[in-house]
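Please model the complete structure; the sequences and the hints are all you need to start from.
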Amino acid sequence: MNEPDPLDTLLREWKAPEPSAEMDRRVAEDYRRAFRDDRRRSPGWRGFWSARISVPVPVLLAAMVVIALVVWFRSSASTSTPSSAGRDATGVFTRVNATGFQPLPNGDARIVPVKEILR
Amino acid sequence: MSDMPADEATLLQEARRGNEAAFASLYTLYRTGLFGFAWRMTGSTQTAEDVTQECFLALADGSRFDPQRGRLQAYLFGIARHMVFRHLKVSGREADELSECAAPEDVVEDLLAAERSELVRGAIASLPALQREAIVLFEYEELPLDAIAAITGADVGAVKARLSRARQSLRKRLEPVLFPGNERKLS
Chain A
1 MNEPDPLDTL
11 LREWKAPEPS
21 AEMDRRVAED
31 YRRAFRDDRR
41 RSPGWRGFWS
51 ARISVPVPVL
61 LAAMVVIALV
71 VWFRSSASTS
81 TPSSAGRDAT
91 GVFTRVNATG
101 FQPLPNGDAR
111 IVPVKEILR
Chain B
1001 MSDMPADEAT
1011 LLQEARRGNE
1021 AAFASLYTLY
1031 RTGLFGFAWR
1041 MTGSTQTAED
1051 VTQECFLALA
1061 DGSRFDPQRG
1071 RLQAYLFGIA
1081 RHMVFRHLKV
1091 SGREADELSE
1101 CAAPEDVVED
1111 LLAAERSELV
1121 RGAIASLPAL
1131 QREAIVLFEY
1141 EELPLDAIAA
1151 ITGADVGAVK
1161 ARLSRARQSL
1171 RKRLEPVLFP
1181 GNERKLS
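Taken in sequence, the protein lines are chains A and B.
For the first sequence, position 41 matches number 41 in my numbering, and the numbering has no gaps at all.
Each number in my numbering corresponds to the 1-based position in the second sequence with 1000 added.
For the record, the hints were derived by calculation from the structure and aren't laboratory data.
Certain hints may be false.
DEER-style ranges, computed between Cβ atoms [what the hints assert, rightly or not]:
1. D1066(B) - R32(A): 22 to 28 Å
2. R32(A) - T1010(B): 19 to 25 Å
3. R12(A) - D1061(B): 32 to 38 Å
4. S54(A) - T1032(B): 43 to 49 Å
5. R1086(B) - S54(A): 36 to 42 Å
6. T1032(B) - P56(A): 52 to 58 Å
7. S54(A) - A1161(B): 51 to 57 Å
Beta carbons are placed, not taken as given, at the ideal position from N, Cα and C, and that holds for glycine.
Given below as structure tokens:
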């Protein structure tokens, strides 16, 4: 068995004091403050309504143009294309939408020939 | 790849999420070691407490430590080391090994006047800063050579050399305490 080096034994006689409770308190306070500040920087759901995003102007303009074109195409397609519902194989409407129909005030009825409709 | 212990990594992760108990566990783990290192290097309780506080403030801040780059121990002691050397420079003490400090004027007189621990303190304080650092981390914090190398940014061979020179100086300066018989023979 090796005997312990007397130098090591002597060195161990020099003992460090215990750090103060005041230091413990300061460190704990530092941690709380750091974490509180961190939470303030990233507010989570509470900050959802005040969150901001930055979008480059060209991207924003391009997105607006695309949206405008989509809306315009959709609206023009719905007005220019007549509905095929109610038209039979001969091209004659057999069912009509009577929404908003009002009879003529004098009660006169007029027979319209098919040729006139198709012209 | 980090060799950080899994439980320590978990504690750090929790502490960064705001878990104060996890932070307290890490604090308990390193508090005494960091304080002891700083105290033995500077000889000042106030400075040692400031250094320890600064280390944990950096840890609480969380943004600067990357677990992939090394152990938490090396990170914390690295901060402590940086602050200690800054303090030594400000207080006019040299940090390089070339500056050999003067030996105590009369070790025998010190023997009569002071306790052995005070003599050890004086002998260690008289070492050049890098040797003092090596002996404090090795003897008192009981860190392995590779951990000391990671903290100090030196290779293991350099740490061994510093330790060897430090022990040689200490043995010489503390000879009257270590071998009181020799002293008697001389007188």
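Requested in this report: Would you pick out the hints that fail for this structure and give their numbers low to high?
Outcome: none
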